[in-house]
Every structure is written in structure tokens, then in C-alpha cells.
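Asker: So the sequences go chain by chain: B and D.
Letter by letter, the first sequence follows residues 1 to 181 of the working numbering.
Letter by letter, the second sequence follows residues 1001 to 1209 of the working numbering.
I should point out that these hints are in silico values taken from the structure, not numbers from a laboratory.
Hints are supplied without guarantee of correctness; some may be wrong.
[Stated by the list, open to error] As a list, the in silico EDC-like pairs of lysine to aspartate or glutamate whose alpha-carbon atoms are at most 16 Å apart:
id, chain 1, residue 1, chain 2, residue 2
1, D, Lys1002, B, Asp19
2, D, Lys1002, B, Asp121
3, D, Lys1002, B, Glu47
4, D, Lys1002, B, Glu118
5, B, Lys124, B, Glu49
6, B, Lys124, B, Glu177
7, B, Lys153, B, Glu177
8, B, Lys153, B, Glu143
9, D, Lys1002, B, Glu177
10, B, Lys124, B, Asp135
11, D, Lys1002, B, Glu49
12, D, Lys1002, B, Asp52
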Amino acid sequence: MTGTDGDWAALLRAALAGDSRAYRDFLSAVTPVIRGIVRARGFALGEAEGEDVVQEVLLAIHSKRQTWRPDAPVRPWLYAIARHKVVDAFRARRHALALPIEDFAEILPAEPTADPTERGDIEKMIGLLDPRAADLVRLIGLEGATTAEAGAKLSMSEGAVRVALHRAFRALARLRERHVE
Amino acid sequence: MKTEDLIRALAADSLAEPEPGRWVLPLVLPAVLVSLAGVLLVLGARPDLAQAMVSFVPVMRPVLSLALFGLALSAALQLARPEGRAALWPLAGVAAAALGLLLWAYLTTPAEARMTALMGRTSNICLIAIPILSALPTAALFAALRGGASTRPALSGALIGLAGGGAGAAVYAIHCTESSPLFYVTWYGLAVLAVALVSALLGPRLLRW
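Modelling step: build the complete structure from the supplied sequences, incorporating the hints.
Answerer: Here it is as C-alpha cells:
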């Protein structure tokens, strides 16, 4: 599912105005394009680690979404974020990537090829959040709870859930920054 | 966590962050006022301030400093967007005007007076005071633009330093009585460039995202 820049701009405008449905459609629409950029620019990462970078790009888009000007095209903005994060990802993994993996191919145990979109980096970072925030992100992400349902389960008001979720993603973005250094 | 799960969780977070330029004025204005108060209370305004504000050569000091502040800030704001390109030619214009003034002063100052005009009597305090007065405005700009997403953080840092340095120099000009461009283009310029250099080095660290 891709679209014209105008479609994306309309979705992102609605998203910035608070429409979660439009935001989800926007993120779903741009994800294959981001994956394409990550594979083209970061082919040395491999498919599975590439998906970690895709998720980092999504997190960066999320935490920097207010830097998009509603009257500007989406693509240049999106590509600039993706390029920046791919370069970052290489920097963070420099040592790991310097290893010529072919030499070890016969020794390495063959990992069961799981769903490549199921990734561990973000899960590890979520684990570093305070337990309540981590629960919240998992409830909404993995179990598909709405903010209201998550609130009922964690006995928080829906407003408190929104604030806590927002803070959780800010904390994740900060954890990312430290991870790269 | 699967990418689609992450998307679902991200989409549920509908609280908006402020735009990158939102905090510039609320943070920079108080910072500049503190520097201004510092000059007035610690160093004191020059006694002939009103007169100095209406004659061309002395007034170019705050004018060039404020132009540097405004143009560098505007370029830094453009770069706060990931796809942003900073237009640097207006800043080159300020540099050209300053160097033109320097050249003019060199040609119109008698050869034997040039060295005295260049060294002045207060170059030491100028080199110390301008970076100190620039520190708070520069820090305020860094804090305000941390919410941005510069993909060229060293250049963004340099622009922030030029803006903060311009603000500091403009404030210092209220005190300073050295009137020759040979003095102020040289020493103000060096002080502002030092602030810009340090800020350029801090940029990649402070503006990381």
C-alpha cells in the first residue's frame, strides 16, 4: 500500500490533528517505502537487522513528526529522516559489521528463520522502561488494546494513559540516543 | 515486537509535541535579558551611549551583531527540519560588510595609528566578556532547538553559536567604547567565531536524535 505524496500529506495532516486512525494508515503506508530505503542503503545489515532499523526510523518519525510543515511535501522529509537513521544505525553497529560474517557461516548455528518483522531491539528498549510504561506499550502494541481498555486494565484514567504512553515514547527515543553513542 | 505492533502503539500516542521553533522566543528572550542586565550592572553602559547610537561607525557594531543573530537564527531554524537547507549567503553578506568596514578603517586610519586602533585598550575584556555574555543565549538556543531534527548537527551548532555570539556581542556593545572597526571587527569577530566553533563541536552531541 503506497500512495501519492498528496495522500500521505492528507493522512499526516489528519494525524497531527489527533486522528489516530489516519496516523496508523500513514505509518502503514510509509513502512514498505522505509523498508526499501533501509534495504537499498543498508544492505549489509541483512534483512532481520534491517527491520530493527525500520522500527528505529518509525520511532524517529514519531518523535519528530512536528518537524514536518503541513504545507510541505512528505517524501523529502521522510527520506531525510530515513537516511539519517540508516547512517546512525551503521555507526552504532560499526564493530559488529566489521566482522566478515562469511568466515563464520559454517560454524554459526542455523537460527530458525522467524518472522523477520518480529524484532528484538525495540523489545529490549521497552524492557528498559519503567514496568508500568512497558506494560502500557505492550498492551496497546501487542494486544491491540485501545487507550481506554489499557486504562481500565491498569486502573488509570484514559487521559493518564495518553500522557504515560507519550512519555514512554519520548523515553524510548532518548534511550535510542544513548544506544548510538 | 513486530513492526505492525509498533505502528499500532505509536498511532495510539496522539499527544502533540510543539513545533521546533516554538521555544525559541520564550527561552532566548530571558537569556538575552539576563546578559543585558549583566552588562548594565557589572560593566555599566558607556556614558555616551545615546550619541554612539546615531553615528554610523559605532552603530554598525550592534547592527552587524544583531544581523548576525537574526540571520544565523533563521538559518538554524531552517536546518531544524530534517530536509531543511540553510541559506548561508545572508551570513556571508554580514561577513563581507564587516570585512568591508575593516578595510575602510584600515585605509582611512593613518599608518602610525593603525596598531593602536587595532589593539585598543580593552581587547582582553572584550575576548572574555563576549563569550560569557553569549553563553546563556547560546544555551537557550540549543535547548529550544533540541526538539528539532537537524541532519547536519555540526552546522546547526555553528549557526546556533553565531546567533548566540551575535546576541552577546550586541549586548557587549552597550558597554564598549572602542570605536574603530579595526578593533571591533577583529576582536568581536574572534570572540563570536570562538563561540561558534565550540557550538559546532557541541552540536552533534546536543542535537542528537
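Asker: Against this structure, judge whether each hint is valid.
Answerer: So, going through the hints one by one against the coordinates:
1. At most 16 Å may separate the alpha-carbon atoms for a hinted pair to count; lysine 1002(D) and aspartate 19(B) exceed this at roughly 22 Å.
2. Pair hint lysine 1002(D) plus aspartate 121(B) holds up; C-alpha atoms about 11 Å apart against a cutoff of 16 Å.
3. Of the pairs offered as hints, the one joining lysine 1002(D) and glutamate 47(B) holds, with about 14 Å between alpha carbons and a cut-off of 16 Å not exceeded.
4. With a C-alpha separation of about 4 Å, the suggested pair lysine 1002(D) and glutamate 118(B) falls inside the 16 Å cut-off, and the hint holds.
5. Between lysine 124(B) and glutamate 49(B) the alpha-carbon distance is near 14 Å, which keeps this suggested pair within the 16 Å criterion.
6. Of the pairs offered as hints, the one joining lysine 124(B) and glutamate 177(B) holds, with about 14 Å between alpha carbons and a cut-off of 16 Å not exceeded.
7. For the proposed pair lysine 153(B) and glutamate 177(B), the alpha carbon gap of about 31 Å is over 16 Å, so the pair is violated.
8. A hinted pair counts as satisfied when its Cα atoms are at most 16 Å apart, and lysine 153(B) with glutamate 143(B) qualifies at roughly 12 Å.
9. Taking the CA atoms of lysine 1002(D) and glutamate 177(B), the gap is near 21 Å; set against the 16 Å cutoff, the hint is violated.
10. This hinted pair checks out: lysine 124(B) and aspartate 135(B) have alpha carbons roughly 13 Å apart, not beyond 16 Å.
11. The straight-line distance between the Cα atoms of lysine 1002(D) and glutamate 49(B) is roughly 13 Å, inside the 16 Å bound, and the hint therefore holds.
12. With a C-alpha separation of about 10 Å, the suggested pair lysine 1002(D) and aspartate 52(B) falls inside the 16 Å cut-off, and the hint holds.
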